[in-house]
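Please model the complete structure; the sequences and the hints are all you need to start from.
2 protein chains.
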Amino acid sequence: VVVSSFCPATSTSGDETRNQLLTREKMMRVGGQLVLTREEEMANQRLRALKEAEMREALRTGSILPSMHFFQAKSLIEKSKVFNILKKMPKGAALHVHDFSITSPDWLVKNATYRPHCYFCFTRRGTLQFRFAHPAPPTPKPAECPQWVLLEKFRKGLHNVSDFDNSLLRNFTLMTENPHVTYADQDAIWAKFKTIFFVLRGLVSYAPVFRDYLSQGLEEFYQDNVLYLEIRASLYPVYELNGTVYSQEWLVRTYEEVAHNFAKAHPGFIGIKLIFSDNRTKNESLIKKSIQTAMGLRVKFPGIVAGFDLSIRGSGHLRGPRSQGQSQDFTARLKPGISQRLQNLEGTPVDRNLLDAVILNSTRIGHGFALSKHPAVLAEAWKKDIPIEVCPISNQVLKLVSDLRNHPAAVMMAAGYPMVISSDDPSAFGARGLSYDFYEAFMGIGGMSADLRTLKQLAINSIRYSTLSETMKKSAMETWEERWQKFVAGLARGPK
Amino acid sequence: VVVSSFCPATSTSGDETRNQLLTREKMMRVGGQLVLTREEEMANQRLRALKEAEMREALRTGSILPSMHFFQAKSLIEKSKVFNILKKMPKGAALHVHDFSITSPDWLVKNATYRPHCYFCFTRRGTLQFRFAHPAPPTPKPAECPQWVLLEKFRKGLHNVSDFDNSLLRNFTLMTENPHVTYADQDAIWAKFKTIFFVLRGLVSYAPVFRDYLSQGLEEFYQDNVLYLEIRASLYPVYELNGTVYSQEWLVRTYEEVAHNFAKAHPGFIGIKLIFSDNRTKNESLIKKSIQTAMGLRVKFPGIVAGFDLSIRGSGHLRGPRSQGQSQDFTARLKPGISQRLQNLEGTPVDRNLLDAVILNSTRIGHGFALSKHPAVLAEAWKKDIPIEVCPISNQVLKLVSDLRNHPAAVMMAAGYPMVISSDDPSAFGARGLSYDFYEAFMGIGGMSADLRTLKQLAINSIRYSTLSETMKKSAMETWEERWQKFVAGLARGPK
Ligand SMILES: [Zn+2]
Ligand SMILES: [Zn+2]
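One line per chain: the protein sequences are V and Y, in this order.
When the letters of the first sequence are read in order and numbered with the numbering used here, they come out as residues 1 to 496.
When the letters of the second sequence are read in order and numbered with the numbering used here, they come out as residues 1 to 496.
Just so you know, these hints were derived from the structure itself, not from any lab.
Warning: the hint list may mix true and false statements.
Which copy is meant is left open, because identical chains are indistinguishable; a pair holds if it fits in one copy or across any two.
[Said to hold, decoys possible] Using 25 Å as the maximum straight-line C-alpha spacing, the simulated BS3-like pairs for lysine-lysine come out as follows:
no., residue 1, residue 2
1, LYS110, LYS194
2, LYS383, LYS26
3, LYS384, LYS26
4, LYS486, LYS81
5, LYS192, LYS110
6, LYS474, LYS384
7, LYS289, LYS300
Source: prediction; values computed, not measured.
Structure, rendered in structure tokens:
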């Protein structure tokens, strides 16, 4: 209610200041500098209207999805009109995903475990393990696995196969109905998280499954309108039925082959690159060797081996619970001298990882969850144009933040810090491709201000901050732009 | 492990950059500019050692207290050595507390409800109400309260009085063993929060209780080494046994008297000021009247009426759930023209409250939870030296943030944004004074970097950003400094 007795001069000046500040903030945000075409403006209007309606409804019902745990929000997100637009949106690239988490666990159950010669057992600690072999796996059985059971035969003896298949599924994902009860703390969820990879290994490391798993993962990202991936690859040994074990070179070559074949069959697909990520290295003295391996592979396969993931430094498993600082890793550029320079960083505390990332001119910073708490490091990283890889669902599921509106990237997105959105381990979190993470970023982290500009910038960033060559970036950008225009035209035109 | 083959030049340069960045960050933080005396340095060393030991232990056991809900962390906090130091620390002033939440609920049960002529009833909706009266409260009874029961008589008929008293206690506080279950969402906790004030009103608005409640509240803050308070006062009508109802002027005078008497009996106590906070104003057109009331009181009682709390604007109850932006209010300077200028702000969306606070040159911003997401407004507020009032436990209990290491003030503390720590409604949250909130700020929001400098600056800020006159600030600072030196000497000297 504006009362008539006020002084107009004061009011105008107040309004001016307000508008100046609001305009300044609009320009600062991620995407704030983009000038939209007429059609993009129309599409943006429609998107904003849908977003606002959804937020109003959320406030009315109290179901603010980004503030809920993803496991509980997932089915609600799937009903969202905004989410369905995000699914159709060409999102560019997924720059932070891990090798054994790109493909839906459903596929593993329904495809991989139904193949012939699949054996399973329970270790003494009760953990499920798989092994493909023909003839049957070696006797004497390894101590870890007292009894191998042929899955095909076992299924034949079951009354209810789908119950059994569902129980298998629960071994491949963190998904659970009541995550707050199932995972009381970070230790509990990390224990389960590690177990999942242990369970998956025997399945995914079987050469024929390995190829198809990768191909299926690319398919899921492609269907989610992601055209390029940088996969953090551990290069764990892959085996054949007869026990043959392949070298890391074989693995890199196979990644290259599968991606090549996939691209041939999928128009617009740009490809993949690998970021060598040796999670096994627990002993610090092995790091030099690991980096040398990466350098060797880079020389042999310059088209696909792009970087080295430094999440392994320090305690040997930065991908672990507790300290918030621990959740960052970074991708180093593999170039001469990097090995020595990395060695120099040994022995520094884990929480200085961010500093190291900046000093080493890393390509990108994984998560960067604590970066906003380090204003000087942040300023330096910004000057060097080092983006963060924001993985909202991962950070929530692994208990770094519960309400995603409080994610530290919210502050950085508002300030315009360079960033990309990725999904880390979508299969473990019950997600798929990038759309779920884009939804959380758009509705939660971005708040009311995020709009089509934000989304466009995030997609552009994913190509800009990739390890593609400049020529490849240009070509990737053209492919993306063509799709973007189609998407925008469809969105501007209206209903679905 | 530093390998011998590295190039020393590179290493030095890396170390230099690292040290430069670390030093820069150290200087930027809240308190980073303070130069400590030799004795303060010694005290700081001891404090840091205790803090580090406590954090190491927390990482070992997984019980990171600032990441736990306060209701569950409280008893563990009380065992902390750091907490016991913070209790002894002269904390300066409490600048953001509400009138009906400064005194322990225990006192209400054990003192107020044991006074003669105390009646209670349950409303039709099952809510407890109190009323002191002699003779018995009026008949016909008000529709809200079908039957008044004399508490004294009722207690005489009970087998187990302490069970009953505990059930009373649960009506005065949000405390519960399993807060995540009891309060599923913000609506649930706000419903209970509002009910608490409804229950308290009949007790605390009884003139003799009112005086003692205030005095007891000051006592609790004084024992917690807080020497000055700015109380957000609603000035609800206060009544006598015979039904007499006092004016707002009587209330202000009584606040002044009680504080005056308290100061006489408590050496070093500086006093209180009131920030008029008319939470009842649901109708926007009443705001002008409310501001005029505040201005009138300010003219009559310039020594105690200091400001006007604008949390009531917009929807009429900014102190409400859901939108994160809603949690901010601000204290306006009461000076000529403020009424008109406030009127001009009517009709702007609630989430622009922050902008208004800055444009109006507010004294302080309450909470400022969303400020870090508004970089341009933040810069403007910083330029104008407008501090935020950080109330960690309040924000956690009212479900704005769960892990306090993620509190937005963490970023602002690292960047050196001016702030004070306060406790909002300590009695409702199961806290007392300021020490619990200081603990959360020191161990959670401040992270590993917060040390004695941080604490000293926060205490200094609480005087600097108060509404005291410059002369009074100087004198308050002297009182505080004297106590600070004693505290530092004790801490430097060692064990307890
Ligand atoms: Zn990752
Ligand atoms: Zn408050």
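Evaluation of the provided hints:
When the C-alpha separation of LYS110 and LYS194 is checked against a cutoff of 25 Å, the pair qualifies only within one copy, where the shortest distance is 22 Å, while the shortest distance between copies is 53 Å. With identical chains, the CA atoms of LYS383 and LYS26 are at most 25 Å apart both within one copy (21 Å) and between copies (20 Å). For a Cα distance limit of 25 Å, the shortest separation of LYS384 from LYS26 qualifies both inside one copy, at 23 Å, and across copies, at 21 Å. In this assembly of identical chains, LYS486 and LYS81 lie within 25 Å of each other by CA distance solely inside one copy; the values are 18 Å within and 63 Å between copies.
In this assembly of identical chains, LYS192 and LYS110 lie within 25 Å of each other by CA distance solely inside one copy; the values are 22 Å within and 49 Å between copies. For the homomeric pair LYS474 and LYS384, the shortest alpha-carbon distance inside one copy (21 Å) is at most 25 Å, but the shortest distance between copies (45 Å) is not. Taking identical chains as interchangeable, the C-alpha atoms of LYS289 and LYS300 lie at most 25 Å apart only when both belong to the same chain, with a minimum of 17 Å there against 79 Å between chains.
Going through the hint list in order, the structure satisfies each hint without exception.
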